[in-house]
Amino acid sequence: MKNISRREALGTMMVGGTGLALTNFPDLVTADANERGDEIMATEGQTSGAATSVRAFGGQHQPKPLPFNPAKLNGFSEKLIRSHWENNYGGAVKALNAVEQRLQELLRDKELPPYVYGNLKREELVRTGSVVLHEHYFANLGGDGKAGGKALGLVKQWFGSYEQWEAEFKKTANALAGGSGWVILAHNMHTGEVHNYWAWDHMHNAPMSRPLLVLDMYEHAYHMDYGAAAAKYVDAFAQNVNWEEVNRRAEASLKGVHPQSGTNNIAILQMEKVGS
Numbered sequence: 018m019k020n021i022s023r024r025e026a027l028g029t030m031m032v033g034g035t036g037l038a039l040t041n042f043p044d045l046v047t048a049d050a051n052e053r054g055d056e057i058m059a060t061e062g063q064t065s066g067a068a069t070s071v072r073a074f075g076g077q078h079q080p081k082p083l084p085f086n087p088a089k090l091n092g093f094s095e096k097l098i099r100s101h102w103e104n105n106y107g108g109a110v111k112a113l114n115a116v117e118q119r120l121q122e123l124l125r126d127k128e129l130p131p132y133v134y135g136n137l138k139r140e141e142l143v144r145t146g147s148v149v150l151h152e153h154y155f156a157n158l159g160g161d162g163k164a165g166g167k168a169l170g171l172v173k174q175w176f177g178s179y180e181q182w183e184a185e186f187k188k189t190a191n192a193l194a195g196g197s198g199w200v201i202l203a204h205n206m207h208t209g210e211v212h213n214y215w216a217w218d219h220m221h222n223a224p225m226s227r228p229l230l231v232l233d234m235y236e237h238a239y240h241m242d243y244g245a246a247a248a249k250y251v252d253a254f255a256q257n258v259n260w261e262e263v264n265r266r267a268e269a270s271l272k273g274v275h276p277q278s279g280t281n282n283i284a285i286l287q288m289e290k291v292g293s
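So the number in this note's numbering is just where the residue sits in the sequence shown, counting from 1, plus 17.
Misleading hints may appear alongside valid ones.
Restricting the straight-line Cα-Cα distance to at most 20 Å, the calculated cross-link-like pairs of lysine to any residue (SDA-like) are [claimed, not checked]: (1) K272 with H212; (2) K127 with S70; (3) K249 with L97; (4) K138 with V71; (5) K249 with Q181; (6) K167 with W260; (7) K111 with Y235; (8) K163 with Q174; (9) K89 with A255; (10) K96 with L83; (11) K187 with G160; (12) K81 with N259; (13) K89 with V258; (14) K167 with Y179; (15) K187 with V258; (16) K249 with N259; (17) K96 with Y235; (18) K167 with E268.
To be clear, the hints were calculated from the coordinates, so they are not data collected in a lab.
Generate coordinates for the entire structure from the input sequences, incorporating the hints supplied.
Right under this line is the structure:
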């Protein structure tokens with residue numbers, strides 16, 4: 018095993034920001050993510066040394082396309098939306114792939130200091146959260162902002178009225194203004210309740226909670242158009258919510274169905290048990 022210097026260890030730790038600054042691991046940052054992902058998947062199921070490739074660390078995530086025309090949102094410039102999607106969300110996807118690939122490599126190193134691996138595991142969680150929340154954010158934009166259906170019924174049930182829910186949602190968002198984080202309207206599958214959760218970063222979310230509506234409060238989401246006027250951004254967001262998507266998530270969550278595949282969660286567990 019190559020001895021890891023303090024500088025290299027710090028390089029592993031310094032993975033904050035979109036750029037994934039793992040500059041002391043050149044094999045990680047210079048290799049094309051798709052090529053390395055292909056190599057990993059090509060060797061899946063084969064033995065390399067004492068271990069086989071780990072499918073969970075495939076590093077082949079691809080950005081999802083915008084589900085709307087970025088030039089047609091009310092109150093948002095096309096430049097802002099494209100920059101957010103390409104640089105921040107796209108950067109998170111690339112960073113997640115890079116972290117997974119590095120985890121694949123270091124998993125086999127029995128002499129690796131635990132804190133080095135631990136820092137990468139933290140970054141795995143950070144990047145996963147960023148990718149998932151950004152995908153929810155963009156998917157719940159592109160609508161006319163008019164609430165209805167199952168989601169409207171849920172917010173009325175748990176907040177008394179749509180107006181009270183909206184006021185609480187915006188108050189939570191404005192509490193994050195000038196900093197970073199997310200507001201997540203979520204169905205808590207443990208308690209059965211619906212809440213507007215305050216999330217300081219990509220790792221904050223109540224356990225067993227399914228996001229119904231996601232608002233990005235990082236400055237990159239609005240500063241280009243609104244500067245420090247975060248409250249105006251929040252108002253513009255509300256006018257562009259795609260409540261059909263929010264309803265789809267709400268209905269899936271209440272049925273215990275995975276929102277992407279349409280598969281019941283219990284069925285997923287049964288399939289995993291059969292395949293194990």
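Verification of the supplied hints:
Taking the CA atoms of K272 and H212, the gap is near 18 Å; set against the 20 Å cutoff, the hint holds. Annotation: proposed proximity of K127 to S70 holds, straight-line Cα distance about 16 Å (limit 20 Å). With a C-alpha separation of about 15 Å, the suggested pairing of K249 with L97 holds against the 20 Å cut-off. Of the supplied pair hints, the one linking K138 and V71 holds, its CA atoms being roughly 15 Å apart against a limit of 20 Å.
For a cut-off of 20 Å, the pair hint linking K249 to Q181 stands: about 19 Å separates their Cα positions. At roughly 10 Å between alpha-carbon atoms, K167 and W260 fall within 20 Å of each other, so this suggested pair holds. With a CA separation close to 19 Å, the supplied pair K111 and Y235 stays within the 20 Å bound. For the hint pairing K163 with Q174, the CA-to-CA distance comes to about 18 Å; that is within 20 Å, so the pair holds.
For the suggested pair K89 and A255, the alpha carbons sit about 15 Å apart, so the restraint of at most 20 Å is met. In summary, the hint linking K96 to L83 is supported, as the alpha carbons are separated by about 13 Å, within the 20 Å threshold. With a CA separation close to 18 Å, the supplied pair K187 and G160 stays within the 20 Å bound. Distance hint between K81 and N259 is fulfilled; the C-alpha atoms sit about 17 Å from each other, no more than 20 Å.
Distance restraint check for K89 and V258: the Cα-Cα separation of roughly 13 Å lies within the 20 Å cut-off, and the hinted pair is therefore satisfied. Taking the CA atoms of K167 and Y179, the gap is about 12 Å. The hint holds against a cut of 20 Å. In summary, the hint linking K187 to V258 is supported, as the alpha carbons are separated by about 13 Å, within the 20 Å threshold. As the CA atoms of K249 and N259 are separated by approximately 18 Å, the hinted pair is consistent with the 20 Å bound.
Pair hint K96 plus Y235 holds up; C-alpha atoms about 17 Å apart against a cutoff of 20 Å. Annotation: proposed proximity of K167 to E268 holds, straight-line Cα distance about 7 Å (limit 20 Å).
Hint compliance for this structure: no hint is broken.
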